[in-house]
Amino acid sequence: MTLTEQIIAKHAGKRKVIPGEIVDVDVDCLMINDATITHTIDIFKDRFNFKNVWDSEKIILINDHQVPADSVNTAEVHQKARKFALEQGIKLYENEGVCHQVMLESHVKPGDLVIGADSHTCSYGCIGAVSTGMGSTDVAAIMGSGKTWLKVPETIHIILKGKPKNGVYAKDIILHIIGELTASGASYRTMEFSGETVRGMTISERFTLCNMVIEAGGKSAMIIPDERVTEMFGDHHLYQGFFLPAENTGYAKTMECDVSNLNPKIACPHSVDNIKDVKDVEGIKIDQAFLGACTNGRIDDLRIAAKILKNRKVYPGVRMLVTPASVKEYTKALKEGIIDIFIKAGATVNHPGCSTCWGACQGVLGRGQKMISSANRNFKGRTGSPESEIYLASPATVAASAIRGRITGGLK
Amino acid sequence: MNDKGKIWKFGDDIDTDQILPSQYLVLPSVIEMSEHAMEPLMPDFSERYSAGDIIAAGKNFGCGSSREQAPAVLKEMGVRIIIAESFARIFFRNAINLGILLIELNNTEKISTGDTVNVTDSEVMNLTTQKTYDFIPLTDFLKNIVAKGGLVNYLRERV
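In order, the protein sequences belong to chains A and B.
Quick note, the first sequence lines up with residues 23 to 434 if you use our numbering.
Quick note, the second sequence lines up with residues 408 to 566 if you use our numbering.
Misleading hints may appear alongside valid ones.
Claimed, not checked - Derived pair list, reagent style DSSO-like, types lysine-lysine, alpha-carbon separation capped at 30 Å: (1) 517(B) to 36(A); (2) 402(A) to 538(B); (3) 402(A) to 413(B); (4) 402(A) to 517(B).
Don't read these hints as lab results, they were simulated from the structure.
Predicted model only: the values in this text are computed from it and were never measured.
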C-alpha cells in the first residue's frame, strides 16, 4: 500500500484498502473558514438538527478569507463564526493568517487524516498527512459525527530529478506539472511527489507543490516524511505504525521529470494549466503584482522577492501588494528587515489572510486590468472583474515584474 | 426515470468562480446568491434560466473551490440534473449531497444550448437531434443519496 492508503486504512479501522473502495473513516481534525462557515452552520443546525459538535478539540475555525471585515455582510459572517465558536467551545483564529498555513503551524501532524472546508486542504501532504477539501454538507456531517466516507484514491507518482536552474523554484515545477497533467489530469487521484529534488526541498517548498495538486483536479497530495519533517515534529510522529513504502508500490501512473531543464513558468489566463515559459510572454504590461497566499506567502518566498526588490522601486503606476501567509511568517519578515525593503520599494503590505487571491478584498481588479500573482488560481474573474487577467508565477517572477511593470523573468 | 428539459450548454473546466463568484458568498442567503449564478459567463443567466432546465458541459465541470454554494445556487434555481463529460471531485460530492443528479456522458459535444433532452436511468435522448446516448449510471451508493434528496436525508434515515 502507498502511505496514503495506509493512513486511510488506519482511519477506516481496516488492515488493507484498495483504490476505488469506499470506506468510512474517522477524521482527526476538521477545519472550516469564513468563506463557507455560515452555510455550514445553517446545515449543521437547521438541516441535520445537530446540537453539539462531535469533539470541540478537533474542530478549528479560521477567519482568513475576507479579513478584516470589508462590508457589513462580511462582518455578520465573522460574527456568526465567533458566536458558534463560543457556544461550541471551538478554537477560532482571527486574522492569524491563511487557514492552511495556520493548520500546518499548529494543528496537523504526519499520519493524520484531515478534512477542510477548502479546496487547498490538500496542502498538508507536505508533512505526510492525508488531507482533502469538502463542501458544507459533508463538513457539517463531520462536525456532528467525526466521520465521513472516502473513495480510496489511486496514486500518481511524480518523481522529480535534478537540480533546478537558478531562478527556478518549487512554484515553477508545480506549474510545469499541472501544464503536463492538465486541469483535470489528476481528478480523484492523489499526487505523490518523490525524488532527489523533493528531498532537497524545504517544507515550505513542498507546501507549494502540494497546495496546487487541486489545480490538476487532485484529491490529495503526499510526500513521504523524511528528516525535514522529523526536524519539525520529532521522530515520534513518523512511527505511528506506518511502514514507508518502497517506490513503485501500487501506483496507477508514474511520471518522471528532470527539473534541471525547466525555465521559469507562468500560468496564463484563465486556466492554471495554460502554462508557458516566462520568457515567451515577457513584456506584457501589468497593473498589479501580488505576493502572498498559502501557495507562496512564507518567509522564504518573501526573502526571494525582497532580494530582488532591495534598493529598487516598484514601477510607477504599478501596485505591488504583499500579504504574508500568517502572522508568524509576517513577524519573521519584520525581524529580518524584509518588510522594510518592501515598503521602501513602494509596495503595500497587507495584513495576513487570503487577501487578493480570494479576490473579494485587499486589492481587486477592475475591467481590463492585469495582475501577476504568486497565488494558485487565475480563473476568469477570480480577483474582481471577469474582464481582468491573472498570471501565476513564482515570487521571483512577481517581484521582477513589479519592478519592470511588465512580465519579466530572470532579474536577480 | 424520465426527466425532460431544455439544455444550457457550457464548455470545459467551468470553475466554481464562474458558477458563483467569491464576492457573493457573504450574501445572507442562497436565494440572494443565486441571482449571480454563472454571472462571469452569462450575466443574465439567472433570469433566462427556468426551473427544470438541464445544465450540460464539457470536461471537469465545477473545478476549483470547495464552495457548496456553487451547486446550491443551481439547485435553488431549479437544477435537478447536470450532464458533463466529467466533474471535478469536490463539486461532484457537493452536488450529490444536495440531491442533484449528475450524469457523466462522453458525447456532450452533441448537445447544444436550446436542445431538449429526455433523461432516463441510463440514456440521454436529444429530442432536438433525435440521437440517443448511453451513460454509466452512478453507483448504487451515490444513487441512493440522490434518491433521498441528498446526504442530510440519507444520513437521517441511516441512523
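These are the hints, each one checked on the structure:
1. 517(B) to 36(A): Violated: residue 517(B) and residue 36(A) sit about 44 Å apart, past 30 Å.
2. 402(A) to 538(B): violated (34 Å)
3. 402(A) to 413(B): holds (26 Å)
4. 402(A) to 517(B): Holds, at about 26 Å.
Of the numbered hints listed earlier, those contradicted by the structure are 1 and 2.
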